[in-house]
Amino acid sequence: MDLAAVVVYEILYTIAFLALISAGLAVVFGMMRVVNLAHGEFVLLGGYAAIVSHNTLGINIFVSMLVVAPLAVAVFGVVAERLIIRFLYGRLINTMLATWGLSLAMIGAFTLIFGPTTTSIKAPIGGFAVGDYSLSGYTVFIIASAIGVVLLIFGVLKYTRAGLIARGAMQSADMANAFGYDTSKVYMVTFAAGSALSGLAGGVLAPLVGIGPTAGLLYIAKAFITVISGGASVVSGLIASSGFFGIVSQAVTFATNSVIGEIGLLVAAVILLRLLPTGISGRFFRDRL
Amino acid sequence: MTARQVLSSVVVAAIVMFVLPVFFDVLNLTTFAAYALLALSLGFVWGYGGILCFGQTAFYGLGAYVYALTAINTGEAWSGFFLAILLPALFAAILGAMMFYGRLSDVYLAVVTLVVSLILFRFMNHTAGEQWVIGEARLGGFNGIPGFPTLHVPGDPEAYIYDENLYYFTFVVLVLCYLLTRWLLGSPFGRILVGLRENEQRIELLGYDVRARKTAAFAFGGALAGLAGCLYANAAEIITPELFGLGLAAEIIIWVIVGGAGTLIGPMIGAAVLGYLKFVLGLRAVKEVFGRENPLEATLVFGVILILFILFLPRGVVPSIQGWLGKARPGRAGAAGSGRRRRTRAERARADA
Numbered sequence: 708m709d710l711a712a713v714v715v716y717e718i719l720y721t722i723a724f725l726a727l728i729s730a731g732l733a734v735v736f737g738m739m740r741v742v743n744l745a746h747g748e749f750v751l752l753g754g755y756a757a758i759v760s761h762n763t764l765g766i767n768i769f770v771s772m773l774v775v776a777p778l779a780v781a782v783f784g785v786v787a788e789r790l791i792i793r794f795l796y797g798r799l800i801n802t803m804l805a806t807w808g809l810s811l812a813m814i815g816a817f818t819l820i821f822g823p824t825t826t827s828i829k830a831p832i833g834g835f836a837v838g839d840y841s842l843s844g845y846t847v848f849i850i851a852s853a854i855g856v857v858l859l860i861f862g863v864l865k866y867t868r869a870g871l872i873a874r875g876a877m878q879s880a881d882m883a884n885a886f887g888y889d890t891s892k893v894y895m896v897t898f899a900a901g902s903a904l905s906g907l908a909g910g911v912l913a914p915l916v917g918i919g920p921t922a923g924l925l926y927i928a929k930a931f932i933t934v935i936s937g938g939a940s941v942v943s944g945l946i947a948s949s950g951f952f953g954i955v956s957q958a959v960t961f962a963t964n965s966v967i968g969e970i971g972l973l974v975a976a977v978i979l980l981r982l983l984p985t986g987i988s989g990r991f992f993r994d995r996l
Numbered sequence: 029m030t031a032r033q034v035l036s037s038v039v040v041a042a043i044v045m046f047v048l049p050v051f052f053d054v055l056n057l058t059t060f061a062a063y064a065l066l067a068l069s070l071g072f073v074w075g076y077g078g079i080l081c082f083g084q085t086a087f088y089g090l091g092a093y094v095y096a097l098t099a100i101n102t103g104e105a106w107s108g109f110f111l112a113i114l115l116p117a118l119f120a121a122i123l124g125a126m127m128f129y130g131r132l133s134d135v136y137l138a139v140v141t142l143v144v145s146l147i148l149f150r151f152m153n154h155t156a157g158e159q160w161v162i163g164e165a166r167l168g169g170f171n172g173i174p175g176f177p178t179l180h181v182p183g184d185p186e187a188y189i190y191d192e193n194l195y196y197f198t199f200v201v202l203v204l205c206y207l208l209t210r211w212l213l214g215s216p217f218g219r220i221l222v223g224l225r226e227n228e229q230r231i232e233l234l235g236y237d238v239r240a241r242k243t244a245a246f247a248f249g250g251a252l253a254g255l256a257g258c259l260y261a262n263a264a265e266i267i268t269p270e271l272f273g274l275g276l277a278a279e280i281i282i283w284v285i286v287g288g289a290g291t292l293i294g295p296m297i298g299a300a301v302l303g304y305l306k307f308v309l310g311l312r313a314v315k316e317v318f319g320r321e322n323p324l325e326a327t328l329v330f331g332v333i334l335i336l337f338i339l340f341l342p343r344g345v346v347p348s349i350q351g352w353l354g355k356a357r358p359g360r361a362g363a364a365g366s367g368r369r370r371r372t373r374a375e376r377a378r379a380d381a
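Residue numbers (my numbering), protein chains in the order written: chain A, 708 to 996; chain B, 29 to 381.
Since the hints were derived computationally from the structure, they do not count as laboratory data.
Errors might be hidden in some of the hints.
Stated by the list, open to error - One side only, chain B facing chain A, incomplete, derived with CB under 7 Å: (1) Leu132; (2) Tyr136; (3) Val143; (4) Glu325; (5) Gly331; (6) Leu353.
Unchecked claim - Far from chain A by the CB rule (all over 10 Å, computed), these chain B residues: (7) Val47; (8) Phe110; (9) Glu192; (10) Leu204; (11) Gly214; (12) Gly218; (13) Arg219; (14) Val222; (15) Glu270; (16) Trp352.
Said to hold, decoys possible - Looking from chain A toward chain B, a few residues come up when the C-beta cut is under 8 Å (computed): (17) Phe794; (18) Leu799; (19) Gly808; (20) Ala816; (21) Leu924; (22) Ala928; (23) Ser965; (24) Val966; (25) Val977; (26) Leu979; (27) Leu980.
Heads up, the beta-carbon is just placed ideally off N, CA and C, and yes, glycines get one too.
Based on the sequences and whatever the hints tell you, model everything.
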């Protein structure tokens, strides 16, 4: 019984982890058809921002994670969008390559600034026990954050005027322009929002995972797979694919070990894309958010 | 390709082959020649087949591992040498068939190929234990496999080919592969392949089986990459899972972009020049100029190069030069295709959104 609770808890955590690290990429890919391969480094930047702001500047840890990290990455995202990405809209492969370049450059810059070692902060919430097993209480916070992020994306896109304008501009840029909306600005804000979500993920996860210059590879591979397998619908695709991969990888992990679990996730992704070439939401949740 | 073109290519290649060792270290040159072959494989698959494979390292690493494992088990090199071409080609054919008959394209194809090389990377890193043995060879996990027999004169396993001779051998193989690829592109198969890159639907409506042709092209690219892996293994004399890694996967794409997709010579030059640049950035003397343990990061430089090329010279160096020459010498529109292809792809992406 206790073991079952632990298993469910671990699966929920894996799903939340995947949803968190993929949310920013999902917004940018789903809304703008831009694949940001520097996404992993954006997440890391959020982690670094949270660590610096808490450890060096002494700002409250929750403020560092939930406010400073997203803001810092959003600002960086705007700069990257203005300097690089806005010239490449509509050229899917070229944006992928340019952001891959950005990713490499950021890895190099992190190594120069923070050194090649891994840094972290202490989790602000202690553990609790379920029967004989002790679990990390901070994980509950991660799961809550993931749910919050998904609700936030859904709410903004569905119920606010800004979300409506953004969706309109993505569907038909010319029409949105004709109505007097500056689509270039809409793209910029959308990219900044996606970056902020990446930063939030980095900030929130910083106490759990080590933040080192090359750790971004871990995120980009998983986030990329989750988002592409999810398909073009931002929210339903994100939920469906992180749920699917979370369950698969944890099930395999329990049956064998964590490395095989990760390989299981990757194999599942290849099979899934072979069966559903446009992702889960390309097949099941067409034209939904 | 006419006999005259073959002859002139061979003469130029021979001059380059004998001049380079005067200026550079032979071991480095051997490595760069292997890199150039790897770049040639992606240059063919991507630049001519229009298949953007993010995981060309999968076949490269596979070639290296197949060679090392066979060489250890048989005690001689040549069966491993040919298996290192054959097995990656077979693997590429299976993977390609799975993707192309499933109609995967663009991003989805990129993800699948990337994921496959990640799987191999993770798996090979995981094989450190005693139980991971193939025949007499331990897979060795992240430490890789050292000390396998290297290439030797056929029939005499004691007469190793090394140093200068290995360099000449690698270079000759590279030139042969280049000529083979040129010949393939001039054949009906190659012409249909280029047409397919320009407009897949039209080729299909003309009655050609697009899926089979893409699979065949992908397998050929896999064979070249596997051979490159085998040659690299012989130069380095150790192989590690890094051969499958994302870092190298990124580098290959940068070589091709910088040199120029849509040419064969461009990616090879890109690989050699950038390979040398990376080598120089890693040198102790350069590290001392910057006065710290941690030099100007090669990744930083490469990232910036990639961004600048995508923004300002997306066609790459060689097609741009050909373009400038083409203005002066009308009738050679070698590079025009790649520009047009980008635009059609952009339109398609817009239509998708």
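Outcome of the hint check:
A distance limit of 7 Å between C-beta atoms decides the matter here; for leucine 132 of chain B the minimum to chain A is near 5 Å, and the interface restraint holds. The interface hint given for tyrosine 136 of chain B is met, as the beta carbon of that residue sits about 6 Å from the closest beta carbon of chain A, less than 7 Å. Satisfaction of the interface hint for valine 143 of chain B is found here, the shortest Cβ-Cβ separation to chain A being roughly 5 Å, below the 7 Å cut-off. A hinted interface residue such as glutamate 325 of chain B counts as satisfied when its beta carbon comes closer than 7 Å to some beta carbon of chain A; here the least separation is about 3 Å, so the hint holds.
The criterion of a C-beta within 7 Å of any C-beta in chain A is met by glycine 331 of chain B, whose closest approach is roughly 3 Å, and the hint holds. A hinted interface residue such as leucine 353 of chain B counts as satisfied when its beta carbon comes closer than 7 Å to some beta carbon of chain A; here the least separation is about 25 Å, so the hint is violated. At roughly 32 Å from the closest C-beta of chain A, the C-beta of valine 47 of chain B stays outside 10 Å, upholding its exclusion from the interface. Against the 10 Å criterion, phenylalanine 110 of chain B stays outside the reach of chain A, whose nearest CB is about 28 Å from its own CB.
Here glutamate 192 of chain B stays apart from chain A, with its beta-carbon at least about 34 Å from theirs, past the 10 Å limit. Listed as a non-interface residue, leucine 204 of chain B keeps its Cβ farther than 10 Å from every Cβ of chain A; the least gap is roughly 30 Å. Consistency note on glycine 214 of chain B: stated as away from chain A, and its beta-carbon is indeed over 10 Å from all of that chain's, at 27 Å minimum. Distance check for glycine 218 of chain B against chain A: the nearest CB is about 22 Å away, which clears 10 Å, and the non-interface claim stands.
Residue placement check: arginine 219 of chain B keeps its beta carbon more than 10 Å from all beta carbons of chain A (closest about 23 Å). Listed as a non-interface residue, valine 222 of chain B keeps its Cβ farther than 10 Å from every Cβ of chain A; the least gap is roughly 18 Å. Residue-level check passed: glutamate 270 of chain B sits 12 Å from the nearest beta carbon of chain A, beyond 10 Å. The Cβ of tryptophan 352 of chain B lies farther than 10 Å from every Cβ of chain A, with a closest approach of about 22 Å, so its non-interface assignment holds.
Given hint, phenylalanine 794 of chain A at the interface with chain B, holds; its Cβ is 6 Å from that chain's nearest Cβ, closer than 8 Å. The restraint placing leucine 799 of chain A at the interface with chain B holds, with a minimum CB-CB distance near 5 Å, inside the 8 Å limit. Because the closest C-beta pair between glycine 808 of chain A and chain B is about 3 Å apart, less than 8 Å, the hint holds. The interface hint given for alanine 816 of chain A holds, since its Cβ lies 6 Å from the closest Cβ of chain B, which is under the 8 Å cut-off.
Interface restraint check for leucine 924 of chain A: the shortest CB-CB distance to chain B comes to about 6 Å, inside 8 Å, so the restraint holds. Below 8 Å, beta-carbon pairs count as interface contacts, and alanine 928 of chain A has one with chain B at about 6 Å; its hint therefore holds. Nearest Cβ of chain B to the Cβ of serine 965 of chain A: about 10 Å, over the 8 Å cut. The hint is violated. The beta carbon of valine 966 of chain A comes within 5 Å of a beta carbon in chain B, closer than 8 Å, and the hint placing it at the interface holds.
Proximity of valine 977 of chain A to chain B holds as hinted, the smallest CB-CB distance being about 6 Å (cut-off 8 Å). The beta carbon of leucine 979 of chain A comes no nearer than 10 Å to any beta carbon in chain B, farther than 8 Å, and the hint placing it at the interface is violated. Annotation: leucine 980 of chain A was flagged as interfacial toward chain B, and the flag holds, the nearest CB pair being 6 Å apart, inside 8 Å.
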